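These protein sequence lines are chains F and G, in that order. Residue numbers for the first sequence follow the UniProt record's numbering, so the first one is 1 and each next one is one higher. Residue numbers for the second sequence follow the UniProt record's numbering, so the first one is 1 and each next one is one higher.
Treat the hints as calculated values from the structure; they're not laboratory data. Only a predicted model underlies this, so the values are computations on that prediction, with no experimental measurement involved. Ideal placement from N, C-alpha and C gives every residue a C-beta, glycine not left out. Check each hint, because a few of them may be wrong.
[Claimed, not checked] Per the computed footprint, the stretches of chain F lying under chain G, defined by three or more beta-carbons under 8 Å from a beta-carbon of chain G, are: (1) 53–64; (2) 84–91; (3) 98–108; (4) 212–224; (5) 256–267; (6) 299–311.
[Unchecked claim] Beta-carbon label-pair distances, calculated as ranges: (7) F:Gly227 with G:Ala287: 45 to 51 Å; (8) F:Asp64 with G:Met234: 46 to 52 Å; (9) G:Thr87 with F:Gly147: 35 to 41 Å; (10) G:Ala287 with F:Ala266: 50 to 56 Å; (11) G:Thr58 with F:Gly147: 46 to 52 Å; (12) F:Leu274 with G:Lys168: 22 to 28 Å; (13) G:Ile56 with F:Thr176: 32 to 38 Å; (14) G:Arg282 with F:His287: 50 to 56 Å; (15) F:Ala266 with G:Ile56: 18 to 24 Å; (16) G:Thr87 with F:Asp343: 43 to 49 Å; (17) F:Trp161 with G:Ile56: 47 to 53 Å; (18) G:Thr87 with F:Gln298: 25 to 31 Å; (19) F:Pro310 with G:Ile56: 15 to 21 Å; (20) F:Leu281 with G:His256: 58 to 64 Å.
[To be verified] EDC-like cross-link-like pairs, simulated, lysine to aspartate or glutamate; straight-line CA separation at most 20 Å: (21) G:Lys91 with F:Asp170; (22) G:Lys168 with G:Glu82; (23) F:Lys291 with F:Glu308; (24) F:Lys286 with G:Asp176; (25) F:Lys89 with G:Asp176; (26) F:Lys162 with F:Glu172; (27) F:Lys165 with F:Glu185; (28) F:Lys93 with G:Asp176.
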Amino acid sequence: MAWHELLSDYTFQNVVIGAALLGLISGPLGCFAVLRRQSLLGDAISHAALPGICLSFIITGSRDLGGIIIGSLVTGTLAALLMLLLTRKSRLKTDAGLGICLSLFFAVGIVLLTYIQGTRNAAQGGLEAFLFGQAAATLRSDLWVMGAITLATLTLLAAFWKQAKLVTFDAEYARTLGMPAAAIEAALTAMVTLAVVVGLQMVGVVLMAAMIVAPAAAARQWSRHLGGMLVIAAAVGIASGVTGASISTLSRGLATGPLIVLTATAIVLVSLALAPGRGLLWGIVKHYRQKADLQSRQLLYALYRHPETPPRTTLGARRTLSRLARKGYLARTEDTAGVTLTDAGRARARQVVAAFEEATP
Amino acid sequence: MIEELLNATALPIILVGAMVGIASSAVGTFLVLRGNSMLSDAISHSIVFGIVIVWILTGQQSGPVQLIGAALTGLLTVFLTEALAGTKRVKQDAAIGLVFPALFSVGVLLLNIYAHDVHIDTHTVLLGEIGFVWLDTVELFGLPIPQALVTMSAMTLINYAFIGLFYKELKLATFDPALAKAFGFMPTLLFYGLLMLTSSTAVAAFDAVGAVLFIAFAIVPASAAYLLTDRLWMMFVIGALISIASSVLGYYLAVHFNVSIGGMMAVMTGVFLILAFLGGPRYGVIARRLRRRRLAPAAKI
């Protein structure tokens, strides 16, 4: 399919816009979740959306997105509350609370799902698709709903920007200022639920965790400021959504959700490696530079102090020798040592020796 | 009742459910105590990757090769998570949230590409089919025993053999890793062993209950037990009892309402957890409230 044909394709437009909306909402909200060390809460909430989806279907009898959103909001929030209750009122830790809520709500969802399947309803087809998402079935009307949620959530976030920021980085201080820290934390969690709801259609409950974590984790590498991080996370989210959806459409048959998730993961890996300042690759480069510098100094020192001893012939030593020769510090000779310091080399060596003796009393 | 229990389909299903619970909660107990419960989530999702890879390489959907493959995938998951967290660029929880969806995604895509007409599909992967365990039997002692029951029993034995063999080492490594290390018990190695068993159990339980419900069987009975006792060995006993009770109750409720058997068994473990949470003798909400009320007059003086 040619590109202009693809771009005017109705389904493709829907899928790409939907995926972009998902990235736009999950990126910024994911930043708060990741910074508050609640990355896996998104996972628990998204699994907990399943019973909500089923309940709304049982009540309304259709898989209309509005009802599904309300249903999954309710059960998602309930799961988050149960998690808080279990960890606050007993000696269970957060990880156990998360695992319990995730698996139990999902189990209830499975029970309800099989209950619906048992009750001969023709409209139930596609309900299961929420497990993995069904991007291709996205309707224009769904996009309006997803767009409205995204817009409302981001507006809310902008309105409570200062409070959300303070609670994220220093909840204690926020409390001493008299801010309703608990309410703001609850609001941030509820907003993650909204992001999850938008993602259900696109990537499904199972992979939603990645859409919360990955854009935020990538963005964290590029920015030290919350605002910048949010913008980058949104951009990463949108980019992975659009890329994943496009590949899925072009390949015909490869699931959209996994492709979006893998694109986001790839961006995380690139960010980890290349981000300025924090990137692992720069760290490695710096390490090798320092190592080479140290070896050069050691060799200069040795040649200066013991000019008649031939340098070692290991690979590393030979590499250092040629590096020094390139800088014009060394000259080849015919005697046993094989090399000798040039005038420039001797001057540099004196600096090294002076620096060394200054450092060792 | 007894006739019903000996009914050709009920007993195998209940036994498999109970065995899944006993084997999973054995390893789950350590995960809960160490604060690594969510690793069961990560492992149970990423073994989909392992299962698909082993299937593509060997054509086998179950059996020992799959168990070993799963153990290695579990290790891979934990290794990747630790490696990511070790870069200090992402936190531990975010690292888990990055690794398992990625592996799961690769697994699903490989299924998309290679599996058009095979039995493993994404549906089975998530839900399992405990209701059909009695269809696939092997002849043992002249009796048709469900394949799943044999696998799960073997897994239970292996798990408890490992725990029995390294009981005091595991105990110390769980409650005081620093001291265990000082004694030369290699707590990290023990932990990796435990995680390999967790993955193998997950893959063994896979056909029966699916990826997500395995988490319920691993974490929930162990958590309930944690709320009821301070003794490690007692946690195993309680975890096993809850698993058996959940399996029996879950089966009959599921049959009654005509819903997913595995799902209902998992829901039952949740019911026991809520009971332990509310009514536990020492750490339960009610007991604590009563104790506070009893102590209130004394506090006033």
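Evaluated hints:
1. 53–64: Violated - the segment 53–64 of chain F has 0 residues with a Cβ nearer than 8 Å to chain G, which falls short of three.
2. 84–91: Since 4 is at least three, the answer is holds.
3. 98–108: holds (count 9)
4. 212–224: holds (count 7)
5. 256–267: holds (count 6)
6. 299–311: violated (count 0)
7. F:Gly227 with G:Ala287: 45 to 51 Å: 48 Å, holds
8. F:Asp64 with G:Met234: 46 to 52 Å: 50 Å, holds
9. G:Thr87 with F:Gly147: 35 to 41 Å: The hinted range 35 to 41 Å holds for Thr87 (chain G) and Gly147 (chain F), with Cβ atoms some 36 Å apart.
10. G:Ala287 with F:Ala266: 50 to 56 Å: 51 Å, holds
11. G:Thr58 with F:Gly147: 46 to 52 Å: At 47 Å between Cβs, range holds.
12. F:Leu274 with G:Lys168: 22 to 28 Å: 47 Å Cβ-Cβ, so the 22 to 28 Å window is violated.
13. G:Ile56 with F:Thr176: 32 to 38 Å: 58 Å, violated
14. G:Arg282 with F:His287: 50 to 56 Å: Since Arg282 (chain G) and His287 (chain F) have Cβ atoms about 53 Å apart, the given range 50 to 56 Å holds.
15. F:Ala266 with G:Ile56: 18 to 24 Å: 22 Å, holds
16. G:Thr87 with F:Asp343: 43 to 49 Å: 45 Å, holds
17. F:Trp161 with G:Ile56: 47 to 53 Å: 49 Å, holds
18. G:Thr87 with F:Gln298: 25 to 31 Å: 30 Å, holds
19. F:Pro310 with G:Ile56: 15 to 21 Å: Violated, at about 57 Å.
20. F:Leu281 with G:His256: 58 to 64 Å: Check passed, 60 Å falls within 58 to 64 Å.
21. G:Lys91 with F:Asp170: Holds. Lys91 (chain G) to Asp170 (chain F) sits at ~18 Å (cutoff 20 Å).
22. G:Lys168 with G:Glu82: 26 Å, violated
23. F:Lys291 with F:Glu308: Violated, at about 25 Å.
24. F:Lys286 with G:Asp176: 38 Å, violated
25. F:Lys89 with G:Asp176: 25 Å, violated
26. F:Lys162 with F:Glu172: Distance of about 15 Å is within 20 Å: holds.
27. F:Lys165 with F:Glu185: 11 Å, holds
28. F:Lys93 with G:Asp176: Given pair Lys93 (chain F), Asp176 (chain G) holds - Cα atoms ~17 Å apart, limit 20 Å.
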